[in-house]
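Trainee: Sequence:
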Amino acid sequence: MEPTFETDIRPLFREKDRNSMLFMFDLWSADDVREHAESIFKAVARGSMPCDGAWAEEDTLLLRRWIDGGARA
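Just so we're aligned, residue 1 is where the sequence shown starts under our numbering, counting upward by one.
There may be inaccurate statements among the hints.
What the hints assert, rightly or not - Derived lysine to aspartate or glutamate pairs resembling DMTMM-like cross-links, with alpha carbons at most 25 Å apart: (1) Lys42 / Asp32; (2) Lys42 / Asp17; (3) Lys42 / Glu15; (4) Lys16 / Asp52; (5) Lys42 / Glu6.
Unchecked claim - What follows is a list of derived Cβ distance ranges for each label pair: (6) Met1 / Phe23: 27 to 37 Å; (7) Ser29 / Asp68: 17 to 27 Å; (8) Gly53 / Arg10: 27 to 37 Å.
Read the hints as simulated data drawn from the structure, not as lab findings. Think of the CB as a built atom: it goes at the ideal place given N, C-alpha and C, for glycine as much as any other residue.
Work the whole structure out from these sequences, hints included.
Mentor: Here it is, written out as structure tokens:
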């Protein structure tokens with residue numbers, strides 16, 4: 001089953017991640033994350049997002065699967 005935003009992706013973004021990015025987009029909004037998905041993925045993959053440490057590889061791959069699967073809400 002392909003990942004969905006509400007079940008699989010939104011929980012990856014903590015409240016402090018959301019608050020630090022609200023000036024650009026809302027990490028708890030499927031529409032905003034979908035619109036900025038590639039730039040978010042690149043930042044996560046290179047470890048510059050979140051700012052306090054890289055995601056686990058499995059979480060990064062989950063985000064990639066969500067994007068490649070059509071970024072379903």
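Trainee: Check each numbered hint against the structure and report the violated ones by number, ascending.
Mentor: 8
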